[in-house]
Amino acid sequence: NAGVTQTPKFRVLKTGQSMTLLCAQDMNHEYMYWYRQDPGMGLRLIHYSVGEGTTAKGEVPDGYNVSRLKKQNFLLGLESAAPSQTSVYFCASSSGASSYEQYFGPGTRLTVT
Amino acid sequence: DQQVKQNSPSLSVQEGRISILNCDYTNSMFDYFLWYKKYPAEGPTFLISISSIKDKNEDGRFTVFLNKSAKHLSLHIVPSQPGDSAVYFCAATMQTGANNLFFGTGTRLTVIP
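In order, the protein sequence lines correspond to chains E and A. Here the first sequence stands for residues 112 to 224, numbered as in this note's numbering. Here the second sequence stands for residues 6 to 118, numbered as in this note's numbering.
Treat the hints with caution; some may be incorrect.
[Stated by the list, open to error] Taking lysine to aspartate or glutamate and the EDC-like style, the derived pairs with C-alpha atoms no more than 20 Å apart in a straight line are:
#, chain 1, residue 1, chain 2, residue 2
1, A, 73, A, 60
2, A, 10, E, 141
3, E, 182, E, 163
4, A, 59, E, 212
5, E, 182, E, 212
6, A, 76, A, 89
7, A, 76, A, 47
8, A, 10, E, 170
9, A, 73, A, 29
10, A, 10, A, 60
11, A, 42, A, 64
12, A, 42, E, 163
13, E, 181, E, 163
14, E, 120, A, 60
15, A, 61, E, 163
16, A, 10, A, 29
17, A, 59, A, 29
18, A, 76, A, 6
19, E, 168, A, 6
20, E, 168, E, 141
21, E, 182, E, 141
22, A, 42, E, 212
23, A, 73, A, 89
24, A, 76, A, 36
Quick caveat, the hints were computed from the structure, so don't treat them as lab data.
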């Protein structure tokens, strides 16, 4: 059981470039989440999904898009990267509406120059 | 606006003594609270939680206390061990919808051997 995995672990982008972060979970969880963590800010929710084919905006969605085509995968896209998107990105999953505990991946450190 | 606050960025405690980490929240709709522990270069891991219908929850060396009237919760670790050295995040959610978590900014605990 790998739990929640994230690809890649590190990435450096130039301003204006695009990329996709992949999150995969093998726990058959219904809900999945993308967070970013910045110094002094804690974790902030970007987008989330309560099931395959569904997505919704979180606290800081601007500049990001997501897709949940398969239950086990949740993709986070940056169409035109900006230095303000330099951050550590965490994916998480939970089993569903009756569970509040979220399981986190190891994170992706993204630097936009 | 930060709805969950951890006002102490860091805390140092001697091994064997009690560690007390504090958390305050502003949103009275929050009714479920969690503590996460995070080591460097890893994702947060769930530690302990409490529902608003309780004022205390224990799990081994970890106890969480909730004071709803003061909108305050605390995590007690006793006895503290060097392996407890990590960043601790407080999180809150409403038991409806997608169970989105609102995180505090974290407290770095150092347990001195």
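Consistency of the hints with the structure:
Distance check on the hinted pair: residue 73 of chain A and residue 60 of chain A sit about 8 Å apart at the alpha-carbon level, within 20 Å; holds. With a C-alpha separation of about 29 Å, the suggested pair residue 10 of chain A and residue 141 of chain E falls outside the 20 Å cut-off, and the hint is violated. Distance check on the hinted pair: residue 182 of chain E and residue 163 of chain E sit about 5 Å apart at the alpha-carbon level, within 20 Å; holds. This hinted pair checks out: residue 59 of chain A and residue 212 of chain E have alpha carbons roughly 17 Å apart, not beyond 20 Å.
Between the alpha carbons of residue 182 of chain E and residue 212 of chain E the distance comes to roughly 18 Å, so the proposed pair stays at or under 20 Å and holds. Restraint check for residue 76 of chain A and residue 89 of chain A: the C-alpha separation of about 26 Å exceeds 20 Å, so the hint is violated. The hinted pair formed by residue 76 of chain A and residue 47 of chain A fails the criterion: a straight-line CA distance of about 29 Å is larger than 20 Å. A distance of roughly 16 Å separates the Cα atoms of residue 10 of chain A and residue 170 of chain E; the hinted pair therefore holds under the 20 Å criterion.
Between residue 73 of chain A and residue 29 of chain A the CA atoms are separated by roughly 10 Å; this keeps the pair inside 20 Å, and the hint holds. For the hint linking residue 10 of chain A to residue 60 of chain A, the alpha-carbon distance of about 19 Å falls within 20 Å, and the restraint holds. Taking the CA atoms of residue 42 of chain A and residue 64 of chain A, the gap is near 14 Å; set against the 20 Å cutoff, the hint holds. At roughly 29 Å between alpha-carbon atoms, residue 42 of chain A and residue 163 of chain E are farther apart than 20 Å, so this suggested pair is violated.
Among the hinted pairs, residue 181 of chain E with residue 163 of chain E is consistent with the structure: their alpha-carbon atoms are about 6 Å apart, no more than 20 Å. Between residue 120 of chain E and residue 60 of chain A the alpha-carbon distance is near 39 Å, which puts this suggested pair outside the 20 Å criterion. Taken as a hint, the residue 61 of chain A and residue 163 of chain E pair is broken in the structure, with Cα atoms around 36 Å apart against an allowance of 20 Å. The hinted pair formed by residue 10 of chain A and residue 29 of chain A meets the criterion: a straight-line CA distance of about 5 Å does not exceed 20 Å.
Distance restraint check for residue 59 of chain A and residue 29 of chain A: the Cα-Cα separation of roughly 17 Å lies within the 20 Å cut-off, and the hinted pair is therefore satisfied. The straight-line distance between the Cα atoms of residue 76 of chain A and residue 6 of chain A is roughly 16 Å, inside the 20 Å bound, and the hint therefore holds. Between residue 168 of chain E and residue 6 of chain A the alpha-carbon distance is near 17 Å, which keeps this suggested pair within the 20 Å criterion. Among the hinted pairs, residue 168 of chain E with residue 141 of chain E is consistent with the structure: their alpha-carbon atoms are about 17 Å apart, no more than 20 Å.
With a C-alpha separation of about 7 Å, the suggested pair residue 182 of chain E and residue 141 of chain E falls inside the 20 Å cut-off, and the hint holds. Pair hint residue 42 of chain A plus residue 212 of chain E holds up; C-alpha atoms about 13 Å apart against a cutoff of 20 Å. Distance hint between residue 73 of chain A and residue 89 of chain A is unfulfilled; the C-alpha atoms sit about 27 Å from each other, more than 20 Å. Taking the CA atoms of residue 76 of chain A and residue 36 of chain A, the gap is about 10 Å. The hint holds against a cut of 20 Å.
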